[in-house]
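When you get a sec, could you build the whole thing from the sequences and use the hints?
Next come the chains, spelled out residue by residue.
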Amino acid sequence: MSDDWDNIDDRRAAEALIVDVDGFEGPLDLLLTLSRSQKVDLRRVSVLQLSEQYLNFIEQARSLRIELAADYLVMAAWLAYLKSRLLLPPDPAEDGPSGEDLAAHLAWQLERLQAMRDVAARLMGRDQKGRDFFVRGQPEAVAITRKTETQASLLDLMRAYARLRTRDEFRPYAFNRSDIYALEAALERLARLLPVSQDWASLQQFLPEGWGKAGQRRRSALASTFAASLELAKQGKVEMRQADAFAPVQLRGRETP
Amino acid sequence: MMDAPDPSAFAAPPMAEQERMVEAILFACDHPLSAADISARLPQGCDTAEALAQLRRRYTGRGVVLMRMGDAYALRTAPDLGWLMQAERVENRKLSRAAIETLAIIAYHQPATRTEIEEIRGVAVSRGTLDQLLELGWVRLGRRRMTPGRPVTFVVTQDFLDHFGLESARDLPGLQELRAAGLLDNRPMPGQADQAAEDDEALDGPVRGQSELFED
Amino acid sequence: MMDAPDPSAFAAPPMAEQERMVEAILFACDHPLSAADISARLPQGCDTAEALAQLRRRYTGRGVVLMRMGDAYALRTAPDLGWLMQAERVENRKLSRAAIETLAIIAYHQPATRTEIEEIRGVAVSRGTLDQLLELGWVRLGRRRMTPGRPVTFVVTQDFLDHFGLESARDLPGLQELRAAGLLDNRPMPGQADQAAEDDEALDGPVRGQSELFED
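Chains as they are written, first to last, in the UniProt record's numbering: chain A, 1 to 257; chain B, 1 to 216; chain C, 1 to 216.
Calculated directly from the structure, the hints in this document are not laboratory data. Errors might be hidden in some of the hints.
Pairwise CB distance ranges, derived in the manner of DEER restraints [said to hold, decoys possible]: (1) M240/A / R170/C: 45 to 51 angstroms; (2) Q158/C / K234/A: 37 to 43 angstroms; (3) R150/C / P14/B: 54 to 60 angstroms; (4) G61/B / G130/A: 20 to 26 angstroms; (5) P79/C / R97/B: 39 to 45 angstroms; (6) A36/C / P139/A: 50 to 56 angstroms; (7) I66/A / D30/B: 50 to 56 angstroms.
Every value quoted in this text rests on a predicted model; they were computed, and no experiment measured them. The C-beta atom is built at its ideal place from N, Cα and C for all residues, glycine as well.
Below you can see the structure in the form of structure tokens.
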């Protein structure tokens, strides 16, 4: 499937051309239209004859210098191959499906497309809401209790996500998570460690593993841990001390009464 | 005026009263309600299914009829009286031929992947077609197909059933004939069978599509 | 189904038919109608007053009644059943952009930590946004992430799936699929592709989000 998604651009370009080929919606549509000239039930359509009609059409379009979408040419090549399989006696040495099998499949595809068109027309011909039958014109909402219903559709959701993932160039503010040690994380870690550390220990000793080396990671971890210890001191869960300005900050857990 | 029945009473109200309640609930509402929604609003011990069945009989042949869509119900004007309602008519956005065909393919082959839609129509699904069907609320995402690439699938919605007056996807016009004629099968191109094993589409085997909807 | 009576016919339809017509008109109209309004919609020669009288009798004691207000008529749910309508009053509130984006990120990347959400949105997530989503029941707390700080994660709920008509969050289309369905307008600028790939890696790395399912 990934192929399909990848060359969507090409395909969109191709689509624009398809519209130009006398209003046909793709090779199958063209084949279906051509098959009508045989004036037979689709099940009895002559695929050989159809292939010739198609190839003639393509030939004509080319001589008129109409630029054909790739789909049409691929189909033409395939039909030329099919024609040869149908006309030549089967080669016993060759594997693979017979020309008849391939022709039957193509006929089936055409029949299926026609069937889908027929049922689509029947569907649209059904009684429709707002045209043939109608909903209650004055829906009543005589409620005493109020309920707030939040509206959001799946489309809103998907569009929001699409918007987010495609506006990287506009990102006003972003940081690399791997080098940021969040305050919440520090708070949690300290709260977990303090009950077992009744002795004074320097702040650095509380840094999480892998964050104590140097650089941005250390700075982030230190800042968060320090802020977290202040918060815990405020809550009375930790005591802090510092011998002098710029001396190491020390802390120890405090037994809560 | 009758007394309001006490909703907290132990014994369920008589069936005639249950039917009135269901009638009032459905009447007040312009969108379909599931049997569960209705039950949730009725007093304990009510037989919603029976009340709905009675109500449906009562409205048969009336100017307003009880319609069912999926497991939900709504009152709608009788379709033969549509011509009286010129003033209420809502102009629908005109759907393109591609959109109509895509809708039909999803309805008859659901769950259908984009690739399947393209295979049947023989042309790429153009930008905006699925978008439009999703926006109308007639199509929604189904389960991803458990095949390589796990493609997204599309299925039709209750709104779709409601809009076209269908009780269920089973009632789609011509569905049985199409199935009997093998036109809903998933037939890989001959000679592609071995390749098909690695292909997105064919892994589900020959029985696929709506069958899962109907076999329970 | 009965045939639609020809509105231009000379003879008025039978009274039973006139009654159905009045019933359908009153049901579908969004405001009360006077007898003259109704007559104007009916075929020539109808006896609107008589049809209204019959309709009124028919609905006597039902869950719905024909009410007269001034010189206008409307069908209304029976006053004694008002208590059934209590759950009906619904105020619609649109989800804020911040909330829908946060929800989208959780749905696509669950389980997602707050930091991850902020990283993708590029702005801090306000407490209220997550609270709102939790309160709506669309998001709940998942397992703590086994990374430094053991941050809490958020995941979407069954209610979320129900509301958005999804069978599972895995059925949400990925970026490529969104683009293919025409839901994605801006395409990354050439040269931004690498950046995007890195972002995905960053997320998929220790996190093992759902994105791996969607981006291929």
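Range agreement (Cβ of R170/C with Cβ of M240/A, hint 45 to 51 angstroms): With a Cβ separation near 48 angstroms, M240/A and R170/C satisfy 45 to 51 angstroms, so the hint holds.
Consistency of beta-carbon spacing, P14/B to R150/C, with hint 54 to 60 angstroms: Hint holds: Cβ distance 59 angstroms, inside 54 to 60 angstroms.
Outcome of range test on Cβ distance (Q158/C, K234/A; 37 to 43 angstroms): holds (40 angstroms)
G61/B versus G130/A beta-carbon gap, inside 20 to 26 angstroms or not: With a Cβ separation near 23 angstroms, G61/B and G130/A satisfy 20 to 26 angstroms, so the hint holds.
Cβ distance range 50 to 56 angstroms for A36/C and P139/A, holds or violated: violated (25 angstroms)
Cβ separation of I66/A and D30/B, checked against the hinted range 50 to 56 angstroms: Cβ of I66/A to Cβ of D30/B: about 51 angstroms, so the range 50 to 56 angstroms holds.
Whether the CB-CB distance between P79/C and R97/B falls inside 39 to 45 angstroms: violated (50 angstroms)
The structure fails to meet hints 5 and 6 from the earlier list, while all remaining hints are met.
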